[in-house]
Amino acid sequence: LARNLSNNASCVPRRKVGLYCVNSAVTARHRTQQTILSARYGQIFARSMSDSTSRKTVEEDKEQASSTNEEDKAESETEETKNGSGEESAEESKEAQLETQVKELKDQLLRSLAEQENTRRIAKRDVEAARNFAVSSFAKSLLDTSDNLSRALDAVPPEYRDDTENHPVLATLYEGIQMTDENLTKAFGKNGLVKFGAVGESFDPNKHDALFEYPDESKEVGTIGQVMKVGFALNDRVIRPAEVGVVKKP
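In the working numbering, the protein residues as written are 1 to 250.
Just so you know, the hints here were simulated from the structure itself, not pulled from any lab data.
No false leads were slipped in.
Distance condition first, Cα-Cα at most 30 Å in a straight line; then the derived DSSO-like pairs of lysine-lysine:
#1 K229 with K248
#2 K140 with K195
#3 K186 with K140
#4 K124 with K195
#5 K229 with K190
#6 K219 with K248
#7 K94 with K106
#8 K124 with K207
Per label pair, the in silico range of CB-to-CB distance:
#9 P168 with N191: 31 to 39 Å
#10 R120 with K249: 46 to 54 Å
#11 D204 with F133: 19 to 27 Å
No residue lacks a Cβ here, since even glycine has one placed at the ideal position from N, Cα and C.
With the hints as constraints, model all of the structure from the sequences given.
See below:
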C-alpha cells in the first residue's frame, strides 16, 4: 500500500506538469497561427491597398490621357480650322488676283482693238483722201484756163454771138470757145471738180469771198448779185472760193 501511495504521489505532479506543458505548447501554437494569420491579413490588406492605389493611378492616368487626347483633338481641330481658313483666304486672294489679271488683259485687249480700229479708219480716210484729192494740184492748175475761157466768152457781145451772116468768124469763134469750155467743165465734173458761185445764190462765207456789198432792189438781200470769179469744189471740198458781190439793204 505504501508503495502504491508513493507511486501515486509521484505520478500526480508529473501529470500536472505534462498538462501544463501541453497547454503551453497549444498556446504557443495558437499564437504562432495568430501571428501568421495577422501577417497574412496584413499582406492581403497591403495588396488590396496597393491594388486600389494602382487602380486609382490607372484611372488617373486614363483620365489624364483622355484629357490630353481631348486637348490634342481640340488643338488639331483649331489648327485644321486655321489651316482651312488660311487655305480659303489664299484661294480667295488667288481668285482676286486672277480676276484683276483678267480685267487688265481685257482692258488691254479692248484698247488694242480700239487702236487697231482707229488705225484702220485713219488709213481708210487717208486712202480715200488720196484718191479723191490726188488731182487737186492738177485741177488748180487748170482753173486759170477755165477762167480765161469764161472771160473770152464774156468778151463777145451778145448781139454778135449768133450773127453768122454779118460776123460769121466771131460767131464761129464764140461757138468754138463755148464748146471748149463745156468740154473742160465736163472733164472737171468727171473728176469731182464742180463750179459754184452763180448770181442769185445765197451767200455762204465757207464758199464765197465777199469783195463788196451794194444795194439792189431787184434782188434779195443776202444773195450774190455779181460774180467776179467763180469758185470750185473738189469732192465737196472748196479748193477755191468764189469772189462775189453781195446784195445789201438799200
